[in-house]
Amino acid sequence: MASEVVQVRGHIIDSLILPKVLDEIMDLEGTFEILDIAIGKRKADTSSARLRIHAPTQRQLDQILKRVARLGAISVHLRDVRLVRAAKEGVFPPAFYSTTNLPTEVRFRGRWRGVQHIEMDCGIVIKPTTGEARCAPLASIKKGDWVVCGSEGIKVMPLERARAAEVFQFMGSAVSSEKPKTQLIQRLAREMRAMRRSGKKILIVAGPALIHTGGGPYLERLIRGGYVHALFAGNGLATHDIESALFGTSLGVRLDRGEAVKDGHDHHMRAINTIRNLGGIRQAVRRRVLRRGVMHACVARRVPFVLAGSVRDDGPLPDVVTDVIKAQDAMRAHIKDVGMAIMIASTLHAIATGNMLPATVKTVCVDINPAVVTKLADRGTFQGIGIVSDSESFLRELTRALHL
Amino acid sequence: MCRPAFYSIAYEINPWMSLKRQANRARARLQWARLHQILTRQLGVRVRLLPPRAGVPDLVFTANAGLVHGRTFIRSNFRFAQRRKEEPIIEAYFRRSGYRLAALPHRYGFEGEGDALWMGETLLFGFRFRSDAPAHEELARLLKARVLPVELADRRFYHLDTCFCPLDAQRALWFPRAFDRYGRKVIEALAARLIPVTEADAKRFACNAIVVGKSIVLQEGVSAALRRRLARGGFRLVSLDLSEFLKAGGSAKCLVLQLNRSVDSREGA
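So the protein sequences, as listed, match chains H and Y. Residues 1 to 404 in our numbering are what the first sequence spells out, letter by letter. Residues 1 to 269 in our numbering are what the second sequence spells out, letter by letter.
Bound conformation, chain H alone:
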């Protein structure tokens, strides 16, 4: 069902323009609702009415709009967007339009065009030659880019509410540790299968606690089971995963027995050193030095991963992207076609990813700390569920629900 709001003004009652507009809409199989109407009190006063026109298809709507435009009923969003050239590299014009993560359309040369790769807190750049509109982060702006300014000619589409009760409506209630997790995880598993069937990608964002708590083998199973299509993490997760693959410990603690190993505190540094010596994780897998673990599964199953660096990193591993702007771009490259994002035990990377995702992507945030889950929900991730849980027990339940 397509719809558009139009306004008609003037002496629309005496001249029968309004009844004529309504007749034309109905003749073309459209429906309307009168949003408001103001009728002039004296003869010389003009009247005005705002209507929302509905039509079964966009084509029919366009046809109706064309017909009623002739009668002076003009779409409220009639004007084209205002474009201003960026004066400097990496700087928007002062009046730039700041994006939301909802599906957005801009009107350029009389046509509505969807903004590609919508992401919140960015600008919109239009290529005048093709009319192609794309979401552009601040740092990517080149001098002379045509940037959308003001708010005219921009349509932000609210997400349609699913009629059937869906697992992703759960976020409607506050994040709480007091929820039946098994049920939630069962439904999540069903959703993941549906996602995989429809050809959409599932993205995992994970923090190092996942390895410390012993959740690594479950994530590995998810990857090998084909439920992960991209992995975003930091130096920590990769380091401790490799440490556990090489030495059986995570930060010097044996994962099978939960005991600290003598002189185990330097295992992670030895792991980093080993990988740096080999030139990278992929090389370590190829040389059969790295033979199990999450990172091994990623390389073996050709699941792309982005390891983004931070100031507290040891090493880091050669695969870690230390330039944050480059890391953002690398993450963006894998976000296309993502239908679901699962963020486990990660604050920094989860929020960074959440900011990049369109609101249409379903997100799941799992953390032992309710504050982290709430924080992500507060950042405008519309379709999400929050699960307050230890990452290992969450993943254990999830792999079981997926029969892995």
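A few of these clues could be false.
[To be verified] Quick partial rundown of chain H residues pointing at chain Y, CB under 10 Å, derived from the structure: (1) V8; (2) H11; (3) I12; (4) S15; (5) P19; (6) T46; (7) A69; (8) R70; (9) S310; (10) A401.
Treat the hints as calculated values from the structure; they're not laboratory data. Built from N, CA and C at the ideal position, the CB exists for glycine as well.
Given the coordinates of chain H, work out where chain Y should sit on it, guided by the hints.
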């Protein structure tokens, strides 16, 4: 009025115009001079002349230049690029003559008195082929009057003044089939007495008449029935041959623009 010194059929922007049917400029000059003479000598109308200019042949159709309201002049926004060249010439003339200029937003087409005719205190506004419906709201704001837009339905009668002619505050001449059923209802409610013309008379531009008091100046050759009907209504008909202007889709009314709308309906152009 504007002398047809450079009048010709230079393009085709309505169904009447055909480059194959060129206007005879000498004959056009004679026909125009006759109209000018009738208005000034016979009917005592004071006529002001807009100097003709080469390259804008349709400048003779001054009715389309704009709409005069008191000392305000609302300039036309022509639909076709060929006629848009007239806009600066018209604007300069009215500015020189001491009028306050008002223009409608550029995105709306508006062709002056061609599409806007007073019927008592209401302005009837024809839209679709040359003028755009939303312009009526701007006009209502500028004129502080009721402006009723009616849609024109027949491409041959592309301006309101080709199918509707107010005779006085109550009576009007019209060709009903040039309007759709909504427009017909509006006009029927607006005018107390309507005199319909036949298609043959409409095609002879009977509705494109100049009304000065009780006199009606129009193209010769309208039917005897219409003549009788108008005579019964107390009108005196003055017919003349304007066939050269018919080739461009215009007749008597198109050649004049009313400068003052006073009670005695004296025309000035």
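Hint-by-hint comparison with the structure:
1. V8: Holds: closest Cβ of chain Y sits about 8 Å from V8 of chain H, inside 10 Å.
2. H11: holds, 6 Å
3. I12: holds, 8 Å
4. S15: holds, 4 Å
5. P19: holds, 7 Å
6. T46: holds, 5 Å
7. A69: holds, 9 Å
8. R70: holds, 7 Å
9. S310: violated, 53 Å
10. A401: Check failed: Cβ of A401 of chain H comes no nearer than 59 Å to chain Y, outside 10 Å.
Hints 9, 10 from the earlier list are contradicted by this structure; the remaining hints agree with it.
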